[in-house]
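Student: Chain by chain, the residues:
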Amino acid sequence: MATSQRSKTEGVKVTQESIRRPADHVSAADETPSEPKLNLFGWLRWIWRQVTSMRTALILLLMLAAAAIPGSIYPQRSADPNGVTTYFQQNPTSAPIMDKFQLFDVYSSSWFSAIYILLFISLIGCVIPRISVHSKALMAPPAATPTNLSRMPAFKSVKAGPKKRAAALESARAILKKKGYRVSISDTSVAAERGYWRETGNLIFHVSLVGLLIAVGVGGAYSFSGQRILVEGDTFVDNLAGYDSFNPGIAFTESQLPPFAMTLNQFDVAYDRTNKTNVGTPLWFRAHVSVRTPGQTTGTKYDIRVNRPAELTGAKVFLSGNGYAPVITIHDAKGNVAFSGPVVYLPQDANMTSLGVIKVPDAKPQQFGILSFFYPTAGQLSTGAFTSVYPANANPLVTMNVYKGNLGLDSGIPSNVFSLQVHGLTQLTGGKTGVKSIQLGLGESAKLPNGMGTVSFDSLRRYASLDIDYNPGQVWVLVFALLALGGLIMSLIIPRRRVWVKVTGEAIEVAALARGDDPQLERVVADLSSKLKPKKSKPSGDDLASNEKGD
Amino acid sequence: MQPVQLNESLSRVTELGIYAAMLFYAAAFVMLSMHLARAASEKKAVRATASSLSKWGVNLIIIAALFHGVGVIGRGIAVQRVPWANMYEFTITSTLVAVVIWIVAQFLRPEVRFVGILISGFVTLALGLATTIWYVQVKSLMPALQDYWLLIHVSVAILGTAFFNIAAALSIAFLLRSAKWVQEPPKALAKNSAFKLFKLILDRFPTMQRLEELSYRFNIIGFILWSFTLIAGSIWAEHAWHRFWGWDTKEVWTFIIWTIYAGYLHANSTRGWNGKRSAWLVVIGFAAIIFNFTIVNMFFKGLHVYSGLK
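For the record, the sequence lines run as chains E and Y.
Mapping of the first sequence onto the numbering used here: position 533 corresponds to residue 593, and the numbering continues sequentially without gaps.
Mapping of the second sequence onto the numbering used here: position 287 corresponds to residue 1027, and the numbering continues sequentially without gaps.
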C-alpha cells in the first residue's frame, strides 16, 4: 500500500484521511492536477472516472434524498389518486403546470429515475474494479513488511534479549494465525492481515442493491393489484370484469389471474364499549370468506383480518376496509321495482357516518338520483342535524335527498357510482327545498316526493374492501435486502487490519495499520508486544489513552 | 377475544414519573453546565470543585432515568401492550432508550460524558412536548397495529433513533469546536468574556478527531438499525397494506433519512467531504428524523400516521 512508503507526517495525514475509506478504493479526484490533452477515448475515460468516483456517488445520494421530498408534500397518483384529483380541483391553474414537471408522479418521473439510474451506473462502475482488486487480494499473501515500522499509526518497540528475539517471530506467527490473521513469515519479520470480510461485505452490500433494484423492477412488471368491494352474501369471480379497479404491471397477462370464486359469508367487527377512553375503537375486523377453485365443490374457509391475508395460489387477498351496505328497495310511480339491492355507503368519519348514492335510471315516468347518509347509531346535534355517535349499528338511520332529472347515464361516458353530479338536476327533498329529507329506520318505508313512488330500508348488511395482489418479485426483494443488510454489517463492523512484527538488532517492533475505522488498533499492538515480551512491557491499563491517536 | 382492560388512572399516576424525570433531567442539565463552566475556570480552587458536579450530573440523570422508566413501564401496564403505539408513547420510550444508551456509553467511555448536557437538555424538551401536546389517553391498538412486527419494527427504530441522537450531539460538538468563528474569532468577539468561557468549555470536549470518530461509531450502529427498520417495515407493510413499498409519506422520509446517512458514510471517505461537511450531514440526517417524527406525523397525509392526535 502506498501509504506505508510516505514520510512520517504525510503518512499520518493520509492515514487520517483514509479512515473509513473502503479498502482499495480508487479516488479519481486525486489524479487530475494537470490535465493533458485528451482524445475522444481519453475524454470517455475521464467521464467514466468522474461518474464512478465516490464524490459523484455521494452527490447523487444527496440529490436522491432531496428529489424524494416533493413526493411527500404533493399527493401522488400511485399512493393517493383522490388527493391528486382534489389538488387539481383546488389549484386549477398551477396543478397542470406542476403535472408537466411530474410532481404528482415523483417516483416514476424522468428526473427521479435519472438520478437513481446514474447512481446505479456509478455503483456498478465502482464495484466491478473493486471486485477484481479484492479477489486478487484474497489470493495474495499479506503485504510485505515496510522498512520503517515506526511510521505506522500504531507502533511499539520493546527491547529484548537475543533469546526472546529469536523466538518472537515464530510465536507472533502462531498468535496471529490463531486470531484468524493471514500470516506470512520471513527471516526478519512477520506480516499479517485480517478482516478481508470487511471488503467482501461491502461488495455484497453493493451488488445486493443492484439485485434488489432488478427484483423490484421485474417483480413489478409481472405483478397485479386489484380492488373489490364485496357485500355479505355476494361472490367475486377472479377475472378482470370482477374488479372495481385493477392495476397491472407492464408484463401482466390476464391468464396470470388464478381462477377462484370468493364469497363473503360474514363480516365481523367489534368495537370497544367497556373502556371509557377507548369507546368506539375497533378491536378487530374479520372477513369470513369461502374460496372455491375449479373442481372444488365445497369452498375452503378463510378468516381474513388486517395483517392476516388469505394466501391463495397465485394471489393474496387482503382486508383493507369495510362499511355498511343498507338494502334499499324503490318502487316507481307505476308500482314497479325500479331499484333493489344493497347499496355500498362510504364511511366519512370514525363513527361510520357514511355517504351513499343511488341512481334510478329505470324509474318511470322520470329517472332520479338519491344522495343519502347512513348513521349506524344515529344521534342528533343541537342544530337538529344527524350524526353517528357510535360505529356499530345500535340505531341505524338512512336519510335521503332526492334529485330528479337526466342522470347522464345514457351518454356512454363511464361515471363514478359513488358520486352524483347534481348540476342540472332538481333537488326535491332536503336543503333549501323546504321539504324534509326522507328518514328511514331499519324496516321502514316512505313515500317519494311528487308521487314518484316509495322507498324502503329493508335490511342491513356489511361489506369488506378486499385487495387481491400478486408480486412474484417480492421474495427476491427480501433475499437481496437481507443480503445487503448482512453485507452492510460486515463492512461496518469487521475491522480490516495489517499487523507486522519485526526483529531488529536489539528490539522487537510491532506495528499495525487499519484500513477503515478500527477502534482496537492500539490495543492490538499493545497486547501483541506484551505477549511477545511479557515481563517488562505490561499493557497500559488506561484504555482511553491507548485509543487516543497522535503523539 | 375479550377487549383489554385499559387503565387511564394508572397511566395518569405513572405520568407523574415522567414529570419527575423532567425535573431531574433539567437539574442534571444545570449541574453539567456548571461543571463545564467550573472545569474551564482558570482558578485551581474552582476547578477542584468541578469533578463532583460532573458526578452529580450523571447521578441526577440516572435518578431521572429511573423515574422515566416508571413512567414508561406504567404506561405499558396501563395499556396492556408495548408502550410505543402513538407519539406520546414513542417519545417517552425512545428518549428513555437514548438516555440508557448514554449512561452505559459514559461508563465504558468517560469521554462521551459531556454529551449528557445535550442529551439531558434534549430529553427535557422532548418530554415537555410529550406530556403537553402529544399526550393521548389510554387506547387499545387499532387492528392494523395488532401484529408482532410492532414489537420488532418500532423497537429497532427506537434504538436506531437513540444512536443517531447521540451521534448528532457528538457532531454538533465537533462543529462547534471546528467552527471558524471559534478557531479564529474576530477581535471584538475574542475579547468577550462569555466567548472566552465558551471557548474554554469547548476545549474540555474531546479532540475534533476523537469527536468525529465517536460520532462515526454511533452513526454506523444507527445506520445498521435504521436499515433493519426499513426492511422490517417493508415486511410488515406487505401483509398489512398488501405491498412492501408504496411511497407512503412515512416510507418516503424513512428512505430520505437512510439516503442522507448513506451519503454521510460515503462523505467520510471522500476527500474534501470528511470533517465539517460530513458532520453537517449528521446534523441534517437527525433533523430529518425529528421532522419525520413531528411534522410528518402531525401534518402529512398517509397510511402511517399513528400520532393518536385528533
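Hints are not guaranteed to be accurate.
[As the list claims (entries may be wrong)] Under the rule of at most 25 angstroms between Cα atoms (straight-line distance), these lysine-lysine pairs were calculated in the DSS-like manner:
hint, chain 1, residue 1, chain 2, residue 2
1, Y, Lys879, E, Lys336
2, E, Lys238, E, Lys593
3, E, Lys160, Y, Lys1041
4, E, Lys238, E, Lys394
5, E, Lys424, E, Lys361
6, E, Lys219, E, Lys196
[What the hints assert, rightly or not] Simulated restraints, written as ranges between beta carbons of each label pair:
hint, chain 1, residue 1, chain 2, residue 2, range
7, Y, Trp921, E, Ile129, 27 to 33 angstroms
8, Y, Lys1041, E, Val270, 32 to 38 angstroms
9, E, Gly185, Y, Leu848, 47 to 53 angstroms
10, E, Ala234, Y, Ser781, 50 to 56 angstroms
11, E, Pro421, Y, Lys1041, 50 to 56 angstroms
12, E, Gln149, Y, Pro926, 54 to 60 angstroms
13, E, Gly240, Y, Pro850, 29 to 35 angstroms
14, E, Lys223, Y, Met774, 29 to 35 angstroms
15, Y, Ser781, E, Ser154, 23 to 29 angstroms
16, Y, Met774, E, Ser154, 29 to 35 angstroms
17, Y, Leu848, E, Ile129, 33 to 39 angstroms
These are calculated hints, taken from the structure and not from any lab test.
Glycine included, C-beta positions come from ideal geometry on N, C-alpha and C.
Student: Which of the numbered hints above does this structure break?
Tutor: Of the numbered hints given earlier, those the structure breaks are 4, 5, 6, 9, 11, 14, 15, 16, listed in rising order.
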